[in-house]
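Take these sequences, add in the hints, and give me the full structure.
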Amino acid sequence: MLKRLFGFAAGAAALALLAAAAPPAAAQPIVLKGATPWIADYNLSKPLFVMQKMVTDKLKGKLVISYLGGEEVVPAFEQFEALRNGTLDIIVGVAAYYTGQIPEASAVLMSRKSPTELRKNGYYDVMRKLHEDKGVVYLANVGGSAGVGFRLYSKTKLDKPDLTGLKVRVSPVYVELVRALGGTPVTMKPTEVYTGLERGIVDAYGWAYLGVRDFGWQEVSKYVVNHPFYSLDTVILVNKRVWDGLPADVRAGLEQIGAELEGAVEKMRAEENAKEDKTLKDVGMQFLTWSDADAKRFLAVAYDEKWKVMLQKCPDVCGKLKTLSE
Numbered sequence: 000m001l002k003r004l005f006g007f008a009a010g011a012a013a014l015a016l017l018a019a020a021a022p023p024a025a026a027q028p029i030v031l032k033g034a035t036p037w038i039a040d041y042n043l044s045k046p047l048f049v050m051q052k053m054v055t056d057k058l059k060g061k062l063v064i065s066y067l068g069g070e071e072v073v074p075a076f077e078q079f080e081a082l083r084n085g086t087l088d089i090i091v092g093v094a095a096y097y098t099g100q101i102p103e104a105s106a107v108l109m110s111r112k113s114p115t116e117l118r119k120n121g122y123y124d125v126m127r128k129l130h131e132d133k134g135v136v137y138l139a140n141v142g143g144s145a146g147v148g149f150r151l152y153s154k155t156k157l158d159k160p161d162l163t164g165l166k167v168r169v170s171p172v173y174v175e176l177v178r179a180l181g182g183t184p185v186t187m188k189p190t191e192v193y194t195g196l197e198r199g200i201v202d203a204y205g206w207a208y209l210g211v212r213d214f215g216w217q218e219v220s221k222y223v224v225n226h227p228f229y230s231l232d233t234v235i236l237v238n239k240r241v242w243d244g245l246p247a248d249v250r251a252g253l254e255q256i257g258a259e260l261e262g263a264v265e266k267m268r269a270e271e272n273a274k275e276d277k278t279l280k281d282v283g284m285q286f287l288t289w290s291d292a293d294a295k296r297f298l299a300v301a302y303d304e305k306w307k308v309m310l311q312k313c314p315d316v317c318g319k320l321k322t323l324s325e
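Mapping of the sequence shown onto numbering that gives the first Met the number 0: residues 0 to 325, in sequence order.
Simulated from the structure, these hints should not be mistaken for lab results. Treat the numbers as computed from the prediction; the structure is a model and nothing was measured. All C-beta atoms, glycine included, are put in the ideal place defined by N, C-alpha and C. Check each hint, because a few of them may be wrong.
Label-pair ranges, simulated between beta-carbon atoms [stated by the list, open to error]: (1) 272 <-> 293: 16 to 26 Å; (2) 219 <-> 293: 40 to 50 Å; (3) 274 <-> 181: 50 to 60 Å.
Computed list of lysine-lysine pairs in DSBU-like fashion (alpha-carbon distance at most 30 Å, straight line) [stated by the list, open to error]: (4) 52 <-> 32; (5) 266 <-> 239; (6) 32 <-> 280.
And the structure:
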């Protein structure tokens, strides 16, 4: 019996030594469930995938972003709430899609400064606080260069900033501009715009630099009004409870990635916009350029009308954001 006991003890000690000598099992990475308001292949979805790669490269397996999908997972206008309630952990947010929760977020549309400049002058800090109060972390502004977010596109030639008699497909971004120029705003899904143009339901539309060819609109619209306005209002947002639960070093790494991502997207967007302009011209779209006076009036209307609405919604905070972004 004693021999058996000593033999068992010796065996246990040997196993303990082997266990101590063996390398510890690799820790499983933290997984963040991500989504975009559009399909993965759509250009404005790109910043999440750029960030996904940066996370993989810089955080060395501590954290990964698992992309779940686009609207087929959660409808675009519901993704902000899905982020807040924890269904999603990280998204490409669109300020115009969650104005009901944070109306001040749309002020970024009228920014005349780049995301990297806004991060340095206090604007970013105001946005961070506004979002954290709603349970969301505002990590990065991925709108790209300032003032080149949107343009008007039309079936008919527009010789001046006058939309009188025209029906214009709108998103919440440029309703005020279209009305101020005498046009009739028409709300329709992007997937309905092609048919709307073809059948005369709408005569023109507002859109970003990129995406026209994704929907085939160059086939049913001929003109690009080459006077860009506003900035894109896309941002990277993270659920705050998830953020607060991350290890300090992972949070610090994400903060650094967020800042680097802003600069990377600015560069990427500038290159893509120039390339897209060439492509649109190659497929036969004509670029319209107004006189300096008309262009100045157009931009004044675009910004003044939008700020008027914003300052009514949030006079104090939006007044501060206006000052910081001009």
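Practice problem: Take the C-alpha atoms of residue 32 and residue 280, compute the straight-line distance between them, and say whether it is at most 30 Å. | Solution: 39 Å, violated
Quiz prompt | Pairwise beta carbon distance, residue 274 to residue 181, judged against the given window 50 to 60 Å | solution = 34 Å, violated
Quiz item: Are residue 52 and residue 32 close enough, with their CA atoms no more than 30 Å apart?
Solution: Holds - the C-alpha atoms of residue 32 and residue 52 are around 15 Å apart, at most 30 Å.
Quiz item: Would you say the C-beta atoms of residue 272 and residue 293 sit inside 16 to 26 Å of each other?
Solution: 22 Å, holds
Quiz item: Are the Cα positions of residue 266 and residue 239 separated by 30 Å at most?
Solution: Holds, because 29 Å separates the two Cα atoms, which is no more than 30 Å.
Quiz item: So does residue 219 sit 40 to 50 Å from residue 293, Cβ to Cβ?
Solution: 26 Å, violated
The structure is inconsistent with the numbered hints 2, 3 and 6, although it conforms to all the rest.
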